[in-house]
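K.L.:
Using the hints, put the two chains back together into the complex; each one sits in its own frame.
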Amino acid sequence: MNRTIVERQPGYLLHSRPYRDSSALLEIWSRDHGRVGLVARGARRAKSPWRGLLDNFQPLSISWGGKGELKTLRGLESGPLMTPPVGEALAAAYYINELLLRTCMRQDPHPGLYARYTAMLEVLATDQPFEPQLRYFELQLLNELGYGADFYTDCHGDELLPSGVYQFVADQGAVPLLPRDTALNAGDQRDDRTREPVGEKVTGRLLMALAQEQLEDDQLMAAKRLMRVLLRPHLGNRPLESRRLWAVYSKLGKTDAVRH
Amino acid sequence: MALLDGLIRELQRLPGVGPKSARRMAYHLMVHDRDGAQQLAQLMRQAAEEIGHCELCRNLTERDLCDICASSKRNPGQLCVVESAADVQAIEGATDYQGRYFVLMGHLSPLDGIGPEELGMDQLEQRFASGEIKELVLATNATLEGNVTAQYIASLAEPNQISVTRIAHGVPMGGELEFVDGHTLRAAFSSRREFD
Ligand SMILES: [Zn+2]
Numbered sequence: 568m569n570r571t572i573v574e575r576q577p578g579y580l581l582h583s584r585p586y587r588d589s590s591a592l593l594e595i596w597s598r599d600h601g602r603v604g605l606v607a608r609g610a611r612r613a614k615s616p617w618r619g620l621l622d623n624f625q626p627l628s629i630s631w632g633g634k635g636e637l638k639t640l641r642g643l644e645s646g647p648l649m650t651p652p653v654g655e656a657l658a659a660a661y662y663i664n665e666l667l668l669r670t671c672m673r674q675d676p677h678p679g680l681y682a683r684y685t686a687m688l689e690v691l692a693t694d695q696p697f698e699p700q701l702r703y704f705e706l707q708l709l710n711e712l713g714y715g716a717d718f719y720t721d722c723h724g725d726e727l728l729p730s731g732v733y734q735f736v737a738d739q740g741a742v743p744l745l746p747r748d749t750a751l752n753a754g755d756q757r758d759d760r761t762r763e764p765v766g767e768k769v770t771g772r773l774l775m776a777l778a779q780e781q782l783e784d785d786q787l788m789a790a791k792r793l794m795r796v797l798l799r800p801h802l803g804n805r806p807l808e809s810r811r812l813w814a815v816y817s818k819l820g821k822t823d824a825v826r827h
Numbered sequence: 152m153a154l155l156d157g158l159i160r161e162l163q164r165l166p167g168v169g170p171k172s173a174r175r176m177a178y179h180l181m182v183h184d185r186d187g188a189q190q191l192a193q194l195m196r197q198a199a200e201e202i203g204h205c206e207l208c209r210n211l212t213e214r215d216l217c218d219i220c221a222s223s224k225r226n227p228g229q230l231c232v233v234e235s236a237a238d239v240q241a242i243e244g245a246t247d248y249q250g251r252y253f254v255l256m257g258h259l260s261p262l263d264g265i266g267p268e269e270l271g272m273d274q275l276e277q278r279f280a281s282g283e284i285k286e287l288v289l290a291t292n293a294t295l296e297g298n299v300t301a302q303y304i305a306s307l308a309e310p311n312q313i314s315v316t317r318i319a320h321g322v323p324m325g326g327e328l329e330f331v332d333g334h335t336l337r338a339a340f341s342s343r344r345e346f347d
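As they're listed, the protein sequences go chains A and B. Last residue of the first sequence: 827 in our numbering, with the numbers rising by one and none dropped. Last residue of the second sequence: 347 in our numbering, with the numbers rising by one and none dropped.
Among the hints, erroneous ones may be present.
[Said to hold, decoys possible] Each computed DSSO-like pair below joins lysine-lysine, with the alpha-carbon atoms no more than 30 angstroms apart:
no., chain 1, residue 1, chain 2, residue 2
1, A, Lys818, A, Lys791
2, B, Lys285, B, Lys224
3, B, Lys171, A, Lys634
4, A, Lys614, A, Lys634
5, A, Lys614, B, Lys224
6, A, Lys818, B, Lys285
[Stated by the list, open to error] A few chain A residues facing chain B, derived, Cβ under 8 angstroms:
no., residue
7, His582
8, Gly619
9, Gln625
10, Ser645
11, Leu648
12, Met649
13, Tyr661
14, Glu808
15, Ser809
16, Val815
17, Lys818
Derived by calculation from the structure, the hints in this document are not laboratory data. Ideal Cβ positions, reconstructed from N, Cα and C, are used throughout, including at glycine.
Okay, chain B solo, but in the shape it has when bound (with noise of 0.2 angstroms):
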């Protein structure tokens, strides 16, 4: 069964796919579902073909610009930059954010050759200096790569007058003190700001 084999090994390509479920979704789709296997062989493809990034934030679109980055209703002078496509969803669904976005598709890691050039960097710095943007902010996660990826982009920010802002990180609410880890805890610690 070299086709069933093959099908049940590339499912496993997905993330939380293991062996076990990758064997029930191919049974169940050759078993019980072939119209369902045909429509999403041919919906894979195409997006696989189709598929590219924004022209303006890099985030997966199957136009020139994402719906983001082409609807009127966003402020063109705020950009959020974050380091995944998820993370876009994950503050368009918490907040009423309602400015852009630059997806840089990871950090700054410097043993694993990601650098400025592979982040879009200088497409970042070319918006900067557009004039268009007035205030960033600055996303990317609470992790030491995180931060000097920030550090960089606000450094590239510096001399176009944006004001940079960056989120907070800390304590997570309903969260107690003494359960949380040391590094979150003096990263809370260090921005910490008035009380109102």
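So that you can see chain A by itself, here it is in the shape it has in the complex (with noise of 0.2 angstroms):
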């Protein structure tokens, strides 16, 4: 690999883990190289110029060198703060991060997912619904990592109907199902929170709505089950550990003695 010096990056912190005596091994997410593994030396010291700044969903302006895979800090700036998500929306942000750390890999540049992302946390700061957005992230990082699929036509290559039901199968797409087999018909079940079928079933509707960024309310439980099928096999073997603690931070609203 040629040695590289990226300079004034801007980028995010993903995550951040202790490593040897008093350094720190750091995922950054950069605009224009995508995922970047750096190990910032001293970054764990108390004089470190770095630490202060080493926080979760602030931008920075980041720089780095070196030839291998892990490559070498060697600037960080604070860009403009933005104020930090809190309760559900920083779980929320955990998760995208987790999202990104489990699926994309290091140095392939996602510029039009990075743009997602900025625009993502700028939701998660404000008291704004930010589910519709999440089930577009997840979206837009299915297409770009290439496992996009098809949500206007079915695997015959037919057009959708957005009452038809459909089933998502893996390398081919909406499968039809039979007239017999749909949640539509009666004696089936069906959610009534949401008009959609139960199960990995979804209607030509809910697709539609999805690719076309325009999901109504009662139509998100049953697009959070869809993404969640999609994403699954691109997510390993353990499950998400921002999962299992999202309902801690749901808990926490905002309490103003201890905010940043």
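P.N.:
See below:
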């Protein structure tokens, strides 16, 4: 691998862990280089100028260099300061970091997804509902990784019918279910909260709403289920840690006494 | 020299010890100080076997209770929550705090699988519920995770009429604003207080 020097690259810290005595191993998410692994020498020393900057979800300007897969951090500056997400939004922010760590290869640029990440953090810093954005983020992630699915035509190349019921099958896409298999028939199970069939079956309407980024409130649950199914094969064997702690974070609202 | 190589390798477990200093230490012990090496080995074994966690505060001790928790001079109504044993030493050395501590041995860290259980929060919750604690000082680190950890502990204390404070974070003494990083400056600015 060639020796690289990257100067003042916009990015975020995805994760850091202690490395050797006083250093840290950083995984960053950068605009032009995607995920990058960096050794931050001496970053955990009391006098390190980087110490106060190694927080997640803050825009950074990052410089690094080096030859191997792991680069060496050479400079770190804070970008425009952002209000960190709190409560459930913080859980969601950790979740997208974990998604990127699990799915993106190092040094694989995804400028479009980077822009989406930045926009996502802006939504998470507010009190606005963020769930639709989270689904679009997941969908774009799959598309950029090359696992995107066709949300406009079914596996036979026919246009999706809004009221049609489909099952998503890996490598095939939306497989239309015969009328007798559909959950739209009387007596079949169906989720009252979402008007969507239960299980891995979805309506054409849902798929189109996802692709056009026009999810309605009553489609959110079904969209979440579908994205979970689509993401599962790409996340490895371990369950996502951020999901385990979601409940803990969700309980925490804004507490003025201890806010950043 | 399998033994000597092994010794040099094992010494590198220690913080701040690289291959060079490990070699120097190993040679020193084997050439100049065999007795010292014996004592070190014996004490190391004993410590590793006998040192556990204080039943009250989770700090390291070889007894059921650490010195601070066992002392009758400490105020049992005050509890200071810190992330590490080193933080206890730092506060003991720098302040005249007379209460007790609770040592989390970490902070909430969602991507590393460290949640409330791993930090002994259930134990902390029981102590809050016992009614003994009147004042809680949250002295976790001034990082995002440290703040969230503090927030979580504050939520556990809330139902028990405990007064909760968070240590202030900001500009270091003798620090010039110009050289303080943006995050620190913002934290200092947002926790500004009445001038007196
Ligand atoms: Zn103790």
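K.L.:
Now tell me if each hint is right for this structure.
P.N.:
Quick rundown of the hints versus the structure:
1. Taking the CA atoms of Lys818 of chain A and Lys791 of chain A, the gap is about 21 angstroms. The hint holds against a cut of 30 angstroms.
2. For a cut-off of 30 angstroms, the pair hint linking Lys285 of chain B to Lys224 of chain B stands: about 17 angstroms separates their Cα positions.
3. A threshold of 30 angstroms between alpha carbons decides the hint, and for Lys171 of chain B with Lys634 of chain A the separation of about 25 angstroms falls inside it, so the pair holds.
4. A hinted pair counts as satisfied when its Cα atoms are at most 30 angstroms apart, and Lys614 of chain A with Lys634 of chain A qualifies at roughly 27 angstroms.
5. Only pairs whose Cα atoms come within 30 angstroms are accepted, and Lys614 of chain A paired with Lys224 of chain B is rejected, the gap being roughly 35 angstroms.
6. A C-alpha spacing of about 24 angstroms is found between Lys818 of chain A and Lys285 of chain B, which places the hinted pair at or below 30 angstroms, so the restraint holds.
7. Interface hint status for His582 of chain A: upheld, as the beta-carbon distance to the closest one in chain B is roughly 5 angstroms, under 8 angstroms.
8. With a cut of 8 angstroms, the hint placing Gly619 of chain A at the interface with chain B holds, because the nearest CB-to-CB distance is about 4 angstroms.
9. Annotation: interface hint on Gln625 of chain A holds; nearest CB of chain B at approximately 7 angstroms, less than 8 angstroms.
10. A hinted interface residue such as Ser645 of chain A counts as satisfied when its beta carbon comes closer than 8 angstroms to some beta carbon of chain B; here the least separation is about 4 angstroms, so the hint holds.
11. At its closest, the beta carbon of Leu648 of chain A sits 6 angstroms from a beta carbon of chain B; the interface hint therefore holds under the 8 angstroms criterion.
12. Violation of the interface hint for Met649 of chain A is found here, the shortest Cβ-Cβ separation to chain B being roughly 10 angstroms, above the 8 angstroms cut-off.
13. Interface restraint check: Tyr661 of chain A against chain B, minimum CB-CB distance 4 angstroms, threshold 8 angstroms, status holds.
14. About 5 angstroms separates the beta-carbon of Glu808 of chain A from the nearest beta-carbon of chain B, less than 8 angstroms, and the hint is met.
15. The closest approach between the C-beta of Ser809 of chain A and any C-beta of chain B is roughly 5 angstroms, which is under the 8 angstroms cut-off, so the hint is satisfied.
16. Proximity of Val815 of chain A to chain B holds as hinted, the smallest CB-CB distance being about 6 angstroms (cut-off 8 angstroms).
17. The interface hint given for Lys818 of chain A is met, as the beta carbon of that residue sits about 7 angstroms from the closest beta carbon of chain B, less than 8 angstroms.
Violated hints, listed in ascending order, are 5, 12; each of the other numbered hints is respected by the structure.
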